[in-house]
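As you go down the protein sequences, you meet chains U and S in turn. In this text, residue positions in the first sequence follow UniProt numbering: the first is 1, and each later residue adds one. In this text, residue positions in the second sequence follow UniProt numbering: the first is 1, and each later residue adds one.
Among the hints, a few may not be true.
[Claimed, not checked] Here chain S is said to cover these stretches of chain U; the calculated rule only asks that three of the stretch's residues, wherever they fall, bring their Cβ under 8 Å from a Cβ of chain S:
| id | segment |
| --- | --- |
| 1 | 18 to 29 |
| 2 | 44 to 57 |
| 3 | 152 to 162 |
| 4 | 188 to 197 |
| 5 | 222 to 236 |
[Unchecked claim] Computed beta-carbon distance windows for the label pairs:
| id | chain 1 | residue 1 | chain 2 | residue 2 | range |
| --- | --- | --- | --- | --- | --- |
| 6 | S | P180 | U | F52 | 52 to 60 Å |
| 7 | S | V111 | U | E125 | 14 to 22 Å |
| 8 | U | V248 | S | T68 | 43 to 51 Å |
| 9 | S | P304 | U | R231 | 56 to 64 Å |
| 10 | U | F52 | S | V241 | 25 to 33 Å |
| 11 | U | T10 | S | N284 | 17 to 25 Å |
It should be emphasised that the hints constitute simulated quantities derived from the structure, not laboratory data. In this text, a Cβ means the ideal position worked out from N, Cα and C, and glycines have one as well.
Here are the chains, one letter per residue:
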Amino acid sequence: MKRRSLFLNTTATMGFIFLYAPMIALVVYSFNKSKLVTVWGGWSLKWYGELFRNDQIIDAALLSFKIAFISASVAVVLGTMAGFVLSRFGRSRGKMILSGWISAPLVMPEVITGLSLLLLFVAMESAFGWPAGRGTSTIIIAHVTFCMAYVAVIVQSRLSQMDETLEEAAMDLGAKPSSLFFLVTLPLIMPAVISGWLLSFTLSLDDLVIASFVSGPGNSTLPMVIFSKVRLGVSPEVNALATLMIAVVAIGVVAAMWQMRRQTKLLADQE
Amino acid sequence: MSIQTGSAWVDGSGSRLAKYNFFKRINWGRASVFSVPTLWLAIFFFIPFLVVFKISLSESAIAVPPYTALLDWNAEDAYINLKLNLGNYLFLFEDSFYIDAYLSSIKIAAVSTFFTLLIAFPIAYLMARSKPSMRALLLALVILPFWTSFLLRVYAWMGFLKKNGLVNEFLMGTGIIDQPLIMLQTDFAVYIGIVYTYLPFMVLPLYSALEKMDMTLLEAAEDLGARPTTSFFLITVPLAVPGIIAGCVLVFIPAVGEFVIPSLLGGSDTLMIGRVLWDEFFLNRDWPMASAVAIVMLIVLVLPIMLIRNSQGKEETA
């Protein structure tokens, strides 16, 4: 028994080292003074300066943030609706169709999703004249489509864990369906909605393949710029960018954990 | 349980009133909550596959868009010409390049999925068996990379694996090797990249399966004289099967169609179908051929796995 738990601890620790070693190396080398990425030339913030002076990266980042913000917001509305249908509507053929469809974007290879959406946009343009050309709006449509699936799954699982008696009580007291949803259900599933929004924002910000298919000329998102840069080899500016992203995510995860801990503590105190 | 609205309760059946009520009974709020996301998915996720299928039957042409029309309206003698070109599909099966690409994608994805499972299992198991406070910390450690950029995580391995990268420096510094190993731009790097980036997708479903496990089963087995390895393979693994299947699907399908990892970490001879599709589309600008590659990939690789998964989901809910 003892020996196995030692074995378990060692293998799991190695798993975590595997998970973190490349990221730690990236962070450390982003502070490297030397232009040769793997030769250590002393600590420096030089590449962060270079990063903020690089207009191409800054413009692409602004575009990506805009796309991610809009996509996440639309995806949260559509995904919450879908999640609500899946867990609160009675059995029907329509619901079966939706429940079969909703998880498909989650596992579809990105190249297929990207190609099929692009061909749809081209066909639609020649049939109805919309969308005229491709750019920000087509990227947003594509991102909403796969992000809403993630939101639906999160919201659905939250709704199915939730106690239905509060909703039933509101119904007995004569609440209309709309006020029932906005005054009772929505506040209860808010944590799921927020994490769905955050996940959608991250996924949209990170997407390279689908955006490459459906974007037009002059609409390079941040991943597209990064990809074209790193394809030629390791770039110290990208190291600096990666470090900033890791820092933001780490702060977010720590904050979420702290919040969760506080909530469980509050609950424990109440009991 | 469904939320019912008032009007459904009050209508009498068989009367003329019922007919009138029919329109009132369609609850527009409910209907739109259902139809807006469903229509969105239909238009932007399912119809596109029909378009892809249509274009896979056309011919590549130097035009905008670069393919021929299937239907040709001839006004003079009032003929509609339907031209279906199966040439793309025939070419797919004649040219061994494409078949090799499909097979090698399956091989790479299968091997990587296996190693992902191997690395993920101890992590998930440790998480499921540790104390709640430790569990939250480990969960956060697994989720954190999942929230950081996929592209940048692949990129991190470029600096790690290259000829004068950290792995080689370390191995040479410790005297294990005296010549730098060529690791970047090989299939080996592709395996590492896939295992690394998809690890959280495997850990999370495994963890949720193992967390539900009743630990007293293991104690009972031990009391009855089972050795730890026996009870692991006869109790723990079978109970983790739903998690194993879910995790393998989540890793295998996207890995088969992976483009970023083989193009950044793989060599020019690393053949993967996602990359072939990309090159067919962006370099050769042969949209019909790219469509045919996508359709075959969909039918041969994605559809069977999704059907298996769906039937399993139904069994569980039944």
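Here is how each hint holds up against the structure:
Check on the segment 18 to 29 of chain U: 9 of its residues sit with their Cβ under 8 Å from a Cβ of chain S, so the three-residue criterion for coverage holds. Check result for the segment 44 to 57 of chain U against chain S: violated, 0 residues qualifying (beta carbon to beta carbon below 8 Å, three or more required). Counting residues of the segment 152 to 162 of chain U whose CB lies closer than 8 Å to any CB of chain S gives 1, so the stated coverage by that chain is violated, three being the minimum. Closer than 8 Å: that is the beta-carbon criterion, and the segment 188 to 197 of chain U has 0 residues meeting it against chain S, so the requirement of 3 is violated.
For the segment 222 to 236 of chain U, the stated coverage by chain S holds: 7 residues have a C-beta nearer than 8 Å to a C-beta of that chain, and at least 3 were required. Checking the proposed 52 to 60 Å range against S/P180 and U/F52 shows it is violated: the Cβ atoms sit about 35 Å from each other. Here the CB-CB span from S/V111 to U/E125 is close to 42 Å, at odds with the stated 14 to 22 Å. Restraint check, U/V248 to S/T68: a C-beta distance of roughly 48 Å satisfies the suggested window 43 to 51 Å.
Between S/P304 and U/R231, the C-beta spacing of about 34 Å breaks the proposed range 56 to 64 Å. Distance hint for U/F52 and S/V241: a CB-CB separation of about 50 Å, inconsistent with the stated range 25 to 33 Å. One distance hint, 17 to 25 Å for the beta-carbon pair U/T10 and S/N284, is violated here, with the actual separation near 49 Å.
Hints 2, 3, 4, 6, 7, 9, 10 and 11, counting from the list given before, are not met by this structure.
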